[in-house]
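First to last, the protein sequences are chains A and B. Here the first sequence stands for residues 1 to 399, where the numbers follow the working numbering. Here the second sequence stands for residues 1 to 289, where the numbers follow the working numbering.
Calculated from the structure, these hints are not laboratory results. Given the structure is predicted, the values throughout are model-derived calculations rather than measurements. Treat each hint with caution, since some may be false.
Pulled a few chain A residues facing chain B out of the computed Cβ check, cut under 7 angstroms [to be verified]: (1) A49; (2) T52; (3) N182; (4) A241; (5) P244; (6) E252; (7) G257; (8) L258; (9) G273; (10) P290; (11) A293; (12) D295.
Calculated cross-link-like contacts (lysine to aspartate or glutamate; reagent style EDC-like; alpha-carbon spacing at most 16 angstroms) [claimed, not checked]: (13) A/K36 with A/D90; (14) B/K53 with A/D86; (15) A/K171 with A/E384; (16) A/K100 with A/D86; (17) B/K78 with B/D183; (18) B/K122 with A/D276.
Derived list of chain A stretches under chain B, where covered just means 3 residues or more per stretch with a C-beta under 8 angstroms from a C-beta of chain B [said to hold, decoys possible]: (19) 37 to 45; (20) 203 to 213; (21) 216 to 223; (22) 305 to 313; (23) 331 to 337.
Here a beta-carbon is modelled for each residue, glycine too, at the ideal position from N, C-alpha and C.
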Amino acid sequence: MATRRSVLRSLLGNAVLAASMTLATLPVHAANPVLKIGFVGVTSGPAAAWGTSNVRSMQTRAAWLNELGGVTIGGTTYDIEIVTFDDQKDPKRAIAGMEKMAQAGIHYVVGPNVDDGAAAVRPVAEQNNIMYFPYAFPKALYSPPASNAILGMIANYQSGPAIYKYLRDNKGVKKVAFVAANESDPLSQRDGGVEAAKALGLEVVSSSVTYQVDTTDFTPVLTPVLRTRPDLLVLSGVAPANAPQLIRSARELGYTGLISTETAQDAQVLKEGAGDLANGFISVGGASTPEIASDAMKEFVTRYTKMFGEYNDESNTKVYALEYIIETLKANPKAIDNVAEFKQTMNSFSAPNIYMKGDSTLKYVGTTSFGQKRQVFVPMVVNEYQGGAFKTLFIAEVD
Amino acid sequence: MEQIIANGLYLGAQYALIALGLTLIFALMNVLNFAHGQLYVLGGFVTYTLYAKAGFPYPIALLMAGLTLALVGGLLEKYLFRPVIKKSHREESTMLLAAGVAFFLDAIILLLFGEKQRGVPKIIEGVFNWDFRIIMPYDRIVIGCVAICSVALFIGYMQYSKTGRAMRALAQDKIAAQLMGVDVDRYQMIGFALAAMLAGLVGGLLVSITGINLGMGGPTSIKAFLMVMIGGAGVVSGAIAGGFILGMMESIGLSVFSSYGDVTYLMIFASLMVFLAIRPQGLMGKPWG
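Excised from the complex, chain A in its bound form (with noise of 0.2 angstroms):
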């Protein structure tokens, strides 16, 4: 346990860290030129993690790469800016965050997080040459005639097939309940689970209950859905600050059957919020189980932590998308500038995943689902929790 000194300390730091982290965002005096690259996302409100993860990884290894001398493209040393902009989960500020990118003259953005977000910025990217790597799933923005974003994680409707059909093959699962948020995303997620679970042929007991995302007592949300029995009860696009509590309530509840999401979940909130209560819960990771994870996955949670004061387990997916600018733009110096050769680059385009054991290449996907290429590929890693960490439960691709 800390002591309390430690605690105090740690407070301090989380400040320090935190105005360091806004210090990041101003422009880096150094000798090398400057390869800026933005995000437009959620770093505030209720779905600031989601948001967060995503500028500090990028922070961490942007800073990473300067420490290392600066990234090399076409014969030039670059130091990496990133700048950021909070779009606070509003679809007209993501906008105004598109625009305020296309003014710096940058080319290259991650984010937004949300559905609505990606979906009010593309006619702006569109018009300003701006590719963008959104963590939102409607089909259409990745499919033609669709072509500046690029689906910077695994969507649900890729993951939850795998999901479902690998505990109806190994845990003997035939009826699945679904509950989900009242917004946008958790509900389109809710309704490609329902798809997917009826065309593996289990028995959907239960998908019409919703809750408010500020709710504090799950058990009245989770009583009725409970009662329909169900093998395998499904967290729809659920947020990490509400996951252990619906785990929780459901355990409560008497509930012992399997529990599963197909978004991305922090060990530590499940710990803190369910503790054991949240053991088998099943949710899809990234690539930083000891059993893949690199030394330079590793290497990137140790400056992660050392720069933050704590590593975010949703950074494991969202540790790629820089990476793949990066890589694309040496792999092709021309399109510093001009996306049309980044769009060409990545029909052919691949390069060593440094972040995974093994011979795992970066390289874009997405023709079954969009018809094009226009998905980074990142490890589809099925994580179980057992005692505050997650263990890969089984590992599979898309496309």
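On the provided structure of chain A, position chain B as indicated by the hints.
Only chain B this time, still in chain A's reference frame:
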């Protein structure tokens, strides 16, 4: 039905405690404190830090969170709200100030405690199960009882203590109270501190059940305003009634209308609009303010 009533009572007890602080500030100073939810969140984070991180016993952490929030509330009143109230005759000045304080506290909380959801170990293990008619974890029962006791203590304090009487006098007629020798500045500061302490106390109580995160402030303020509107602004008994009514409506709505999606708050808001059109001063408020 038993489960619905039990859920409603539990929710009502915590809601009532949240609404009490808001209505107290409104009664004393005519200020709509939009930062009330952020004070609740701050109380939760202080309790989390002291209990889960620094290792203080939970009751001590809770007490210290309450005292910390009382101090924050007192400072806010003395250095922000009091000067604005004295200098500005426009009521919206304090509303804007409160909104500004809410944003400021959000930023401070993000800097100090981070963006993650935080929770603490259960204070009591086990679940009360009455033949599957009422299922309620023991920690919720304890927190609900503590909330009800806190409401009772608050009422007793306001009713029988010298400070409570002074604050009630201020709420009824500030000028008359001043003429009778009540130190307005002092009791307004005590009132603000007491309200902040109540918010912090609820945050500290609920961090053991629901956890706490940065984004809970705004929605909590909205719910608190709902309760105050139902019960009547500036009336202590109204805030309590509003809290229990909202808790019961939420519990019934979530059970009865579960198959229709999330229509509970839609119906609560619709009912509130009709109710306020008929009785704008709320259940126990006075038409003249």
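Verification of the supplied hints:
1. With 7 angstroms as the threshold, the beta carbon of A/A49 comes within range of chain B, its nearest partner Cβ sitting at about 5 angstroms, so the hint holds.
2. Here the hint on A/T52 is kept, as its CB sits about 4 angstroms from the closest CB of chain B, short of 7 angstroms.
3. Evaluation of the A/N182 hint against chain B yields a held restraint, the C-beta minimum of about 4 angstroms falling below 7 angstroms.
4. The beta carbon of A/A241 comes within 4 angstroms of a beta carbon in chain B, closer than 7 angstroms, and the hint placing it at the interface holds.
5. The beta carbon of A/P244 comes within 6 angstroms of a beta carbon in chain B, closer than 7 angstroms, and the hint placing it at the interface holds.
6. Look at A/E252: its Cβ gets to within about 5 angstroms of chain B, closer than 7 angstroms, so that hint holds up.
7. Interface restraint check for A/G257: the shortest CB-CB distance to chain B comes to about 16 angstroms, outside 7 angstroms, so the restraint is violated.
8. For A/L258, the suggested interface contact is broken, since its CB lies about 20 angstroms from the closest CB of chain B, more than 7 angstroms.
9. With its C-beta approaching chain B no nearer than about 4 angstroms, A/G273 sits inside the 7 angstroms limit, and its interface hint holds.
10. Evaluation of the A/P290 hint against chain B yields a violated restraint, the C-beta minimum of about 22 angstroms exceeding 7 angstroms.
11. With a least beta-carbon distance of about 21 angstroms to chain B, the hint placing A/A293 at the interface is violated under the 7 angstroms criterion.
12. Evaluation of the A/D295 hint against chain B yields a violated restraint, the C-beta minimum of about 26 angstroms exceeding 7 angstroms.
13. Simply put, A/K36 and A/D90 have alpha-carbon atoms about 24 angstroms apart, too far for the 16 angstroms limit, and the pair is violated.
14. A C-alpha spacing of about 29 angstroms is found between B/K53 and A/D86, which places the hinted pair above 16 angstroms, so the restraint is violated.
15. A distance of roughly 13 angstroms separates the Cα atoms of A/K171 and A/E384; the hinted pair therefore holds under the 16 angstroms criterion.
16. The straight-line distance between the Cα atoms of A/K100 and A/D86 is roughly 11 angstroms, inside the 16 angstroms bound, and the hint therefore holds.
17. Of the supplied pair hints, the one linking B/K78 and B/D183 holds, its CA atoms being roughly 14 angstroms apart against a limit of 16 angstroms.
18. Restraint check: the Cα-Cα separation between B/K122 and A/D276 comes to about 11 angstroms, which is no more than 16 angstroms; the hinted pair holds.
19. Proximity of the stretch 37 to 45 of chain A to chain B, defined as three or more residues with a beta carbon under 8 angstroms from a beta carbon of that chain, is established by the 3 residues found.
20. Note: the stretch 203 to 213 of chain A has 6 residues with beta-carbon separation from chain B under 8 angstroms; the three-residue rule is met and the coverage holds.
21. Check result for the stretch 216 to 223 of chain A against chain B: holds, 6 residues qualifying (beta carbon to beta carbon below 8 angstroms, three or more required).
22. Requiring three or more residues with a Cβ within less than 8 angstroms of a Cβ of chain B, the coverage given for the stretch 305 to 313 of chain A holds, as 3 such residues are present.
23. Coverage of the stretch 331 to 337 of chain A by chain B is violated. Counting CB-CB distances below 8 angstroms, 0 residues qualify, and the rule asks for three or more.
Hints 7, 8, 10, 11, 12, 13, 14, 23 from the list above are not met by this structure, while the remaining hints are.
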